[in-house]
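Student: What follows is each chain in one-letter form.
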Amino acid sequence: MNLDLVIFAVSSVVAIFSAIMVFAQRNPIASVLYLILSLLSQAVLYVQLGALFMGAILIIVYAGAIMVLFLFVIMLLNLRGTEDLGLPSHPLSTPTKIIISTLFAVQIVLVAGRAALPPVTAGMLVEPDPTFGSVTEVGRLMFTEWVYPLQLTGILLLIAVVAAVVLAQKERSEDEPVVTIDQAGGPADPPTEKVG
Amino acid sequence: MSDFLYLIPLLPLIGFAINALLLGRVPRGLTGIIASATVLGSFLLSLVGFIELAGLPVDQRQLTQTLFTWIPLGDFDATIGFLLDPLSAIMVLVVTGVGFLIHVYSIGYMSHDPGIGRYFAYLNLFTFSMLTLVLADNFLLMFVGWEGVGLCSYLLIGFWFQKKSAADAGKKAFIVNRIGDFGFLLGMFIIFWQVGSLNFLEVNELAPIAFGGSIGLVTAATLLLFVGATGKSAQIPLYTWLPDAMEGPTPVSALIHAATMVTAGVYMIARTNVLFMMSPDTLLVVAIVGAATAFFAATIGLAQNDIKRVLAYSTVSQLGYMFLACGVAAFTAGIFHLMTHAFFKALLFLGAGSVIHAMSEEQDMRNMGGLKKYLPITYITMLIATLAIAGIPGLSGFFSKDEILFYSFTNPQGHWLFWLVGAITAGITAFYMFRLIYLTFHGRERMDEKTKSHLHESPRVMTVPLVILAVLSIVGGYVGLPYVFQIGSFTNLIADWLKPVMAPGQALAAEAFAPTVLAAEGGHSTALELTLMAASVGLAVIAILAARALYKSDHAAVTRLKERFAGVHKLLENKYWVDEFYGATIVRPIVAGSVFLWKIVDVVIIDGLINGMAALTAGAADTLKFTQSGRVRTYATGFVIGAVLVIAYFVYLR
Amino acid sequence: MDPVAYVMVAVVLFAIGSVGVLISRNIIILFMSVELALNAANLVIMAFAKAHGVTDGHVIVFFMLTVAAAEAAVGLAMIITLFRNRGTINIDRFSLLKW
Chain B
153 MNLDLVIFAV SSVVAIFSAI MVFAQRNPIA SVLYLILSLL SQAVLYVQLG
203 ALFMGAILII VYAGAIMVLF LFVIMLLNLR GTEDLGLPSH PLSTPTKIII
253 STLFAVQIVL VAGRAALPPV TAGMLVEPDP TFGSVTEVGR LMFTEWVYPL
303 QLTGILLLIA VVAAVVLAQK ERSEDEPVVT IDQAGGPADP PTEKVG
Chain C
85 MSDFLYLIPL LPLIGFAINA LLLGRVPRGL TGIIASATVL GSFLLSLVGF
135 IELAGLPVDQ RQLTQTLFTW IPLGDFDATI GFLLDPLSAI MVLVVTGVGF
185 LIHVYSIGYM SHDPGIGRYF AYLNLFTFSM LTLVLADNFL LMFVGWEGVG
235 LCSYLLIGFW FQKKSAADAG KKAFIVNRIG DFGFLLGMFI IFWQVGSLNF
285 LEVNELAPIA FGGSIGLVTA ATLLLFVGAT GKSAQIPLYT WLPDAMEGPT
335 PVSALIHAAT MVTAGVYMIA RTNVLFMMSP DTLLVVAIVG AATAFFAATI
385 GLAQNDIKRV LAYSTVSQLG YMFLACGVAA FTAGIFHLMT HAFFKALLFL
435 GAGSVIHAMS EEQDMRNMGG LKKYLPITYI TMLIATLAIA GIPGLSGFFS
485 KDEILFYSFT NPQGHWLFWL VGAITAGITA FYMFRLIYLT FHGRERMDEK
535 TKSHLHESPR VMTVPLVILA VLSIVGGYVG LPYVFQIGSF TNLIADWLKP
585 VMAPGQALAA EAFAPTVLAA EGGHSTALEL TLMAASVGLA VIAILAARAL
635 YKSDHAAVTR LKERFAGVHK LLENKYWVDE FYGATIVRPI VAGSVFLWKI
685 VDVVIIDGLI NGMAALTAGA ADTLKFTQSG RVRTYATGFV IGAVLVIAYF
735 VYLR
Chain H
38 MDPVAYVMVA VVLFAIGSVG VLISRNIIIL FMSVELALNA ANLVIMAFAK
88 AHGVTDGHVI VFFMLTVAAA EAAVGLAMII TLFRNRGTIN IDRFSLLKW
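For the protein sequence lines, the chains are B, C and H, in the order given.
Note that the first sequence covers residues 153 to 348 in our numbering.
Note that the second sequence covers residues 85 to 738 in our numbering.
Note that the third sequence covers residues 38 to 136 in our numbering.
Just so you know, these hints were derived from the structure itself, not from any lab.
Computed from a prediction, not measured in an experiment: that's the story for all the values here.
Among the clues, some could well be false.
[Claimed, not checked] Heads up, simulated DSSO-like pairs for lysine-lysine below, C-alpha to C-alpha not over 30 Å straight-line: (1) C:K248 - C:K536; (2) C:K709 - H:K135; (3) B:K322 - H:K135; (4) C:K636 - C:K646; (5) C:K456 - C:K534; (6) C:K654 - C:K247.
[Unchecked claim] Residues from chain C shown here face chain H by an in silico Cβ test under 10 Å; the list is partial: (7) Q712; (8) T721; (9) V724.
[Unchecked claim] Simulated restraints, written as ranges between beta carbons of each label pair: (10) B:V158 - C:V735: 29 to 39 Å; (11) B:L269 - C:A699: 50 to 60 Å; (12) B:L269 - H:N122: 44 to 54 Å; (13) B:E297 - C:M697: 49 to 59 Å; (14) B:V258 - H:H89: 21 to 31 Å.
All C-beta atoms in this analysis are idealised placements derived from N, C-alpha and C, irrespective of residue type, glycine included.
Take the sequences, apply the hints, and build the full model.
Tutor: Laid out in structure tokens, this is it:
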């Protein structure tokens, strides 16, 4: 009995189970928590694959930042999972869709089975390769070979931030008067700024 | 010093630009003066060119000017270039000289017409195109002028476009000419294909080598060029447009449809005489067509009552003479006749215009008569022209016509039949021309009182050109004295003048017809020449006397004759029903075919196909649009199914 | 452990993510399913990086995480706007873009 195998099996099962639970129950907050659980299990798999740094990033950025954003939106919209979602009105029923997706998965598995990968053993207990997946190595690559994509990613993030602000800001209606000092009758009330 | 050549066609173009661009803003009195002045300028420049040319040694008489390259295409360059050689010099002088007189005449004739600015603009544009045609140094530029004069002819025939018959006549002229132009283009292509150049001088030089032994191709090329000439110069089978062209103003008939444009075909053949000389078959065809046209048109002229139509058929007939001359390889005689014909036919038309002007637009000779005392100048000048065209010795027509007849008898390409047809035609010509004179100027005054009270001689601006042309009609012939009358150095000037242009062709023919040519040259029999001359003049005199007997005073004899030969008269009066024949055999089937194409092919098949496709698409879209439900999840399912299928293809089928 | 096993897990996760996209009507849950599928792809890349012993795969995954963050920000902003305008988060209600 290999400890690595146990860790792999447990993380996989947890990741898959919580992934199913993301949509198998109705409470959105629970969905977010299940997704975080799935991501944590995947982080374990990352570590098993020798990517300590990326595992940490996955937890910090994904489970930490992005999922908090989801939670924040759910709470902002005050969703409880009891909203009227209407009747299922699709030409294809849910089981059909599941079968189609399963077919898809099976096919990918078949393709993956054909792949001729080098016989490598992954796992935490295997002697780690110091040049593979370390922070140093990732950092070196990121700022040498991949420096232009890195810059582009920065620009992408900037655009995304601006876009999110523009999209989500409340449009001021035409008839809403802009409050000025003169109309307010005193300097105490500053002009209303647009709030994103 | 030949860099002024471009000015000759340019000046009328400037006149056109002034009159056309400032249409309606130029004072009425000034339009004609501007137009005439530009043509006069061209005439003076032509004279300068002519004198300069005459000053050169005989074998160097060529002035060329290349303005710029128009179309550079690989190793082919179409240039805008002008060539003034003895041949084009004569043509330029005729075009600008006669053209100028007709411009001046038009000032008087068109003075009351509201469209006078448009008229002079067209007339200048015509002169420009004609000069381009004549001065062009290559086929392509000549074709530009060729099309230009066709366009102007169309515009001027349909000048009074409010009149349906005038508009129709314009269209007819344009379409019939187009058939000929098609032949011209094809001929040009063959020449370019074989010779690799369209420049006249180069073609003349290279053609004998380039075509080598392939007489068939030369024959094809020249026949196609001749088709072009038949269209432009109104020969059988494309002559039907010219009589209808008389719907235009009379000065236009004089300038375009008598003196200049219609002779473009003759000029073109003379210009390419080297090619024509290489193909005896084509020459034979040209001669036959020319002789046949001369004869048929003359017979039609016998029975026409419209004064301008008589002249129109006379023009067709005289053009036939010119082609007969070309066909028997007497190009010089053809050009000579072209020149004299320009003088006396322009004079006849202008005289007819003067008569029509006086008769308040009446053109039917049956309603005229006795005009002699009202229009003395017109009468005398027209009589001179009539004597000239009838071939009475001493006047220009006699010299040129007899030269043609003589060569059609003696030249190796000729035949005594050609001479016979030509001589008989000369007799008929004399008859119908004197019929015209007697019906118009002599006998009882048959017009109504109102017209009669308006009768007047035309103003000076119209009669002066008549007088000048009358003088030219008399003396014009003395540049081409026949062999028998040549005294000392006073020889056949025009033949000597044109010799440099015709020499290469004659040299070619000399190879082909070596023995006979020599015989003809050596045995220029004075007796034969005099006999032939006497025969044709005798025929003409008899015809004139017959016309006098029939038409001088009472027409009873004419009526009896008409009854006796009712069938023949009807045939002639209806112009052999050629128009009706063309209508039935060509126009009607084309119209029927077009209607078929319109109603069946276009409306049913093509529109049906397109509408069917549209209906099919619309129907399919009506059904398939429901797949566009707007539901994102359905689309996503579509993606996945697609992905499954694509992967399945790569996994299982490859 | 053979990296192929990780690939298989990732494939299963991806299938689950796609099922979630196809069947959930709640737009936020649908969006989370997209994230799930994206992460499955990341896992595949990690597995291949291990198999070939190159760290470049990690850099790519890093970029994909960045893109996912940007995408989540923009997507959630859109969801907020949609909810504000239509008062619902049912994806089937947003079907104006049709025939």
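Student: Between E297 (chain B) and M697 (chain C), is the Cβ distance one that fits in 49 to 59 Å?
Tutor: The hinted range 49 to 59 Å holds for E297 (chain B) and M697 (chain C), with Cβ atoms some 54 Å apart.
Student: Measure nothing beyond the straight line between the CA atoms of K456 (chain C) and K534 (chain C); if it is 30 Å or shorter, mark the hint as holding.
Tutor: OK: K456 (chain C) and K534 (chain C) at ~18 Å, within 30 Å.
Student: Just to be careful, I want the Cα atoms of K636 (chain C) and K646 (chain C) compared with a cutoff of 30 Å; is the pair within it?
Tutor: holds (17 Å)
Student: Measure nothing beyond the straight line between the CA atoms of K248 (chain C) and K536 (chain C); if it is 30 Å or shorter, mark the hint as holding.
Tutor: holds (29 Å)
Student: May I ask you to test the hint 50 to 60 Å on the CB atoms belonging to L269 (chain B) and A699 (chain C)?
Tutor: Since the Cβ atoms of L269 (chain B) and A699 (chain C) sit about 56 Å apart, the hinted range of 50 to 60 Å holds.
Student: Holds or violated: K709 (chain C) with K135 (chain H), Cα cutoff 30 Å?
Tutor: holds (8 Å)
Student: Under the criterion of a CB-CB separation shorter than 10 Å, is V724 (chain C) in contact with chain H as hinted?
Tutor: V724 (chain C) check passes; min Cβ-Cβ to chain H is 6 Å, inside 10 Å.
Student: For the pair we were handed, K322 (chain B) and K135 (chain H), check the Cα-Cα distance against 30 Å.
Tutor: Holds. K322 (chain B) to K135 (chain H) sits at ~27 Å (cutoff 30 Å).
Student: Verify the interface restraint on Q712 (chain C): the C-beta must sit less than 10 Å from at least one C-beta of chain H.
Tutor: holds (5 Å)
Student: Check the following: the C-beta atoms of V158 (chain B) and V735 (chain C) are separated by a distance inside 29 to 39 Å.
Tutor: Holds, at about 33 Å.
Student: With 44 to 54 Å as the target window, see if L269 (chain B) and N122 (chain H) comply at their CB atoms.
Tutor: holds (49 Å)
Student: Does the alpha-carbon distance linking K654 (chain C) and K247 (chain C) stay inside the 30 Å limit?
Tutor: holds (27 Å)
Going through the hint list in order, the structure satisfies each hint without exception.
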